[in-house]
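Engineer: With chain A held as given, fit chains B, C and D with the ligands onto it using these hints.
Protein chains in written order, with the working numbering: chain A, 1 to 326; chain B, 1001 to 1326; chain C, 2001 to 2403; chain D, 3001 to 3403.
Errors might be hidden in some of the hints.
Unchecked claim - Facing chain C, according to a computed beta carbon distance under 8 Å, are these residues of chain D, among others:
| # | residue |
| --- | --- |
| 1 | Gly3209 |
| 2 | Asp3210 |
| 3 | Thr3216 |
| 4 | Ala3219 |
| 5 | Arg3242 |
| 6 | Thr3244 |
| 7 | Gln3250 |
| 8 | Arg3251 |
| 9 | Gly3254 |
Claimed, not checked - Where chain A lies over chain C, by a calculated footprint (3+ residues, C-beta under 8 Å):
| # | stretch |
| --- | --- |
| 10 | 2169-2177 |
| 11 | 2230-2243 |
| 12 | 2365-2372 |
| 13 | 2382-2394 |
Since the hints were made in silico from the structure, they are not lab data.
Each residue gets a CB set at the ideal place from its N, CA and C atoms; glycine is no exception.
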Amino acid sequence: MAAEKMALAKALTSSLRTALDSDPKVLVMGEDVGKLGGVFRVTDGLQKDFGEERVIDTPLAESGIIGTAIGLALRGYRPVAEIQFDGFVFPAYDQIVTQLAKMHARSLGTVKLPVVIRIPYGGGIGAVEHHSESPESLFAHVAGLKIVTPSDASDAFWMLRQAIECDDPVIFLEPKARYWEKGEVDPSGIPGPLHAARVVREGRDLTLAAYGPSVKTCLAAAAAAEEDGTSLEVLDLRSVSPIDFDAIQRSVERTRRLVVVHEAPVFFGSGAEVAARITERCFYHLEAPVLRVGGFHAPYPPARLEEEYLPGLDRVLDSVDRALAY
Amino acid sequence: MAAEKMALAKALTSSLRTALDSDPKVLVMGEDVGKLGGVFRVTDGLQKDFGEERVIDTPLAESGIIGTAIGLALRGYRPVAEIQFDGFVFPAYDQIVTQLAKMHARSLGTVKLPVVIRIPYGGGIGAVEHHSESPESLFAHVAGLKIVTPSDASDAFWMLRQAIECDDPVIFLEPKARYWEKGEVDPSGIPGPLHAARVVREGRDLTLAAYGPSVKTCLAAAAAAEEDGTSLEVLDLRSVSPIDFDAIQRSVERTRRLVVVHEAPVFFGSGAEVAARITERCFYHLEAPVLRVGGFHAPYPPARLEEEYLPGLDRVLDSVDRALAY
Amino acid sequence: MTVESTAARGKPRRAAAQRTAAKKTGTKQAAKTAAAPGTAQAGQSAQAPEMVQLLTPEGERVEHPDYAVETTPGQLRDLYRDMVLTRRFDAEATALQRQGELGLWPSLLGQEAAQIGSGRALRDSDYVFPTYREHGVAWCRGVDPTLLLGMFRGVNHGGWDPNSNNFHLYTIVIGAQTLHATGYAMGVAKDGADTAVVAYFGDGASSQGDVAEAFTFAAVYNAPVVFFCQNNQWAISEPIERQTRVPLYQRAAGYGFPGIRVDGNDVLAVLAVTRAAAEHARTGQGPTLVEAFTYRMGAHTTSDDPTRYRDKEELAAWEGKDPILRLRRLLERESAADEAFFADLDAESDALAKRVRESIRTMPDPDGMAMFEHTYADGHTLVDEERAQYATYLASFADHEGN
Amino acid sequence: MTVESTAARGKPRRAAAQRTAAKKTGTKQAAKTAAAPGTAQAGQSAQAPEMVQLLTPEGERVEHPDYAVETTPGQLRDLYRDMVLTRRFDAEATALQRQGELGLWPSLLGQEAAQIGSGRALRDSDYVFPTYREHGVAWCRGVDPTLLLGMFRGVNHGGWDPNSNNFHLYTIVIGAQTLHATGYAMGVAKDGADTAVVAYFGDGASSQGDVAEAFTFAAVYNAPVVFFCQNNQWAISEPIERQTRVPLYQRAAGYGFPGIRVDGNDVLAVLAVTRAAAEHARTGQGPTLVEAFTYRMGAHTTSDDPTRYRDKEELAAWEGKDPILRLRRLLERESAADEAFFADLDAESDALAKRVRESIRTMPDPDGMAMFEHTYADGHTLVDEERAQYATYLASFADHEGN
Ligand SMILES: Cc1ncc(C[n+]2csc(CCOP(=O)(O)OP(=O)(O)O)c2C)c(N)n1
Ligand SMILES: Cc1ncc(C[n+]2csc(CCOP(=O)(O)OP(=O)(O)O)c2C)c(N)n1
Ligand SMILES: [Mg+2]
Ligand SMILES: [Mg+2]
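Chain A extracted, bound-state conformation (with noise of 0.2 Å):
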């Protein structure tokens, strides 16, 4: 396969299925994965092309879709399960947290559990309630999970491919408001190691970290104070769980200031855990406190109040300003 430009819904595709094709033991499931592809066509054509044993629709129960994954699994399989929306995750959390995430513990490693559960997550496309939600936090603080979230069509492809390789339980989410964005995609290409973050901008005044969605706020963000003059620098983490707190360190040691931007709420969210351990990290390197943007201690709001309630362009200028007020 030649390098080509596609969004980042049909990286997520090329990439399912190349897993497919390269591995028989690689299943897809989930609600209208099937004909309809899934409500985003991530899984547009696979089961045409790889049969109802491997893209399978399944009734409609989360906690029936990770259950029956972790017995899949037991018995050999790489299912990826798609969960349709963030909101919609949270049937199957006991699954997740009791079973998937500790049953290789539990085992003391006599089993192994490559599931990955395919998340869109995050807001801004206007949708009804439990549809733009960012649950990153409530798996993070679990151990035996990893989380990844790409934030462009090339992390896209590889990240699930190298997700579905893992031997461990991967959340991985999907940036819903970035799937029609599109990227350069190299097959052929080598890809990093999965859970290392990457500086897509750099900069000399402050860190910028995010993930997901918000790497192309930041990016904004970086260009438009450029302009004023401020140079920033954007890291996308790429990884929740773990975080390369090293890659973090470097850039902060150098810049001096971090603000931490995501989509979930700040309170409890992945800012605080990165806050707390940059700081203790870099205590004496830190011009000014690590700030964080994020959503407020709110339920997701209708639709036509997220702009307001998601870390847009405006509120990241306004913490760097915070910031470098210091």
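Structural biologist: Frame of chain A; chains B, C and D with the ligands shown alone:
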């Protein structure tokens, strides 16, 4: 009722009894809360005295318990639901997170959900898997819930009464390792605010912030440190959502050093949120980074390893030493 | 629900010019009816009874040994009017979505009889827990249809007071409301009230653990709840065979309460069966599962494209069983309505559509600060802190713009 | 499980002397059988068939039209031996808990026939998903009983390799394993293997949504799984009436597969019924629900006090139906075992108990650093960081002590 010395578990029983007595809408429900009186006997004797219509043994289904509690609350009742152990709340997670927490906001304030969810939590009792966990972070991130946890008998009595009187859903975390600790309870007293932290020991050199079972550990650490000539202040946070940041700030502005202690894993734990926010509020006051002592990023271990896993006296003092070394 | 919204979006607030923000998928044997291993205790109920029907697709009234409704011509006209207005409202909402006024609309097209029949079987004091598609039931409860639009426009998550009409807010998380209904009904029983509680849910929802738990609680506490399942044959793209291999109403027996299938496109049968089930509940006899056998004639929602997964023939077959058409045939057959009635109803429909259109266009966007309201009933210091910070942040623009 | 452990606890590590660490409750009508609102589609199966029995409490063999087992005297002795040794092991474990060697023990007392009968019905290639009480099934699978003790002593969360004996780890979260079994069975079907998968669960578990979802998935995919419910009449303190008002095996029909009740204290009947259900699964005919009607003769676990909630009379009645006693009566009646057999078995029991006692006393505590093992298969940098920090922390004591 006169002031009386009683075990924390008995203070809870007494609190439930007075609540049942004073408001006919209060219900107690859960697995084995009836004749057995709950596996920790917290509901001992209540069914006998208030009948099966008010103290309700439920089917073995946590989602059902919380889902029907929501319905009962919509009908005007004030259910106090018991989850038998921390590790068994997750089947109810969806009902708690997507329904209980959000329904007041969803209804623009027209319906109220005065539901209390009592959960014995924390480790140190030599139990099998799923019986020793501390899930507070997994609820604190979710707007719409309040989370409180007493550390002694008097708070157990009063905070449960206040939680039941509150018109919001409250996750009431009971430190099971402290169920048998005795303390004075004065039912004729006047309780302070439910969400206010409390200085349980004054000190000058560093603040230990803790809650629930860790308060006792921190008091022991402070006593030990005193013999080394170090003066530790101990703050019982009492509430995890909201957190009384004002109280922590007041303390840290004096002591200039803060260590947060909890049994839950450190990664994405309460300590992260406290560290991030207090660093922001007290950036120029802190002589050392806020340090955190808590569980590791691993499933709660088998009982023979829990001493190692839990943030005991020695690990607390180790962090105190590290913080004082800055 | 499937949502890739096309609703109009706002612009970034920051004024400073240089800063612009930028079916049938059955696996082998799935539908096969398994034989018992040796005994008669088979899973399959061999002699599944016919579904209850009182009005044929051709508009003929038929008898049923257990169910009947006496109707005056006026009552028939009322039911017809309910269904026609509901369909018209629904069509208007779909149109408004196409015009960008709503982000999404889940149409009830085809399910009018199931909803009007059941909705009209209830008393004011009964209480309803809907899914997201019960626009017809809302109509029967007296909820102003324009209030249903708010959440689909994105101005709120539910715009009516559930207690004004004993009609709970729409619930989007599939199946969750069946437990709320059961709990509410447990409360009704404690109160000794003669109230029935109705939990609506879909065929897809029948697979959710919550629905099973609701059955268990309702049975164990003998709660006065009617589980009203609209089996519209599809859960988005998945046909009913992905959820069950036996008729859904049969599930009730295994939990110890009656289940019954009714022709969901026959408003009279639905009315009769729901009335009986509600009365069963009110008189302390406990829960019933009603399976209304109907069809989702439209897309799952305006975001859905059913041509990807279902055949035209299926839709055509169900069009022959249209719930409104068959009542019209009865009205005509029995001369229960004259031309003036139909003409008046047309005018009333147009007026309703117009009112809906106008109301949506004047529906105000919520104020930004509304985010900080109603998360808690009794307040929360973090919310107060964030509200204050956000207000300061907003004020900083005013300052800038003022300069 | 209920746990207020009395297991011996370690001491605080820090050596510095001045730093010591302190270190039948039915609500009204609940059990009432509701009548259908008008029709014969009642929830209650009026003519519930008897449960399958092949051996009476008095030790007489009886015929059943659909089920039979041919047995040689040797096979009867083997089943008897399995049950006796299982009961002895179980009693020894209970004793070890009393002595502080275990934190907790969930006894299977009374359920030996249900477990040995079903366990012996399986082939090596079949796969079992137990709850936490299936010590007898573990025995049949060839899992060394001493391995079962580790998790109750607190040295691990499950001490055997599930794949060595096709016996999964114990699952404590009620009902969760039924979905694992169903998924595993879906995989078996994909592989085209003739393997049966057995999911054990209790009467209490039947209320969990996960179990209902397992039924749905198993039915829809026709998965080769046997749902084996040991209805031991109690879920801790709650009698079966708190979970259902009709017999549990009837639940299967509503999901479209066969359900059958068997006398769970009759090892021959359990063997016959489980064999048929497993063969049903292996031959592509899909799931079966087997309800083994039995009794928990002991406490829920060693932490439980059943005198708080159940009557002596009930226990006494069930003691008359003891599963071991009735097989012994048969052995005697048919002269299938001589005194030497019983004497040898006594000696074997004693030897087993001795081995179990010795093994627990020599069972090593895990090393502290074991906490950092096996959270991930492929590593995680945070675990590495915490492991290193903890090692440094531990080393600081060594330094202190070294000084
Ligand atoms: C827990 C949960 N999972 C998934 C969804 C996404 N979703 C919305 S509607 C729907 C299908 C529902 O089918 P059914 O219950 O038959 O109701 P219908 O839409 O046909 O009225 C799905 C999968 C959801 N809303 N909630
Ligand atoms: C999800 C969950 N909730 C609660 C518990 C606590 N608990 C352990 S065993 C038990 C009763 C189980 O009863 P049953 O299913 O009949 O099995 P039995 O113990 O009788 O074998 C309960 C409530 C649990 N382990 N898991
Ligand atoms: Mg449907
Ligand atoms: Mg039981």
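Engineer: Check the structure against each numbered hint from earlier and tell me which ones fail, lowest number first.
Structural biologist: Going through the list in order, the structure violates no hint and respects every one.
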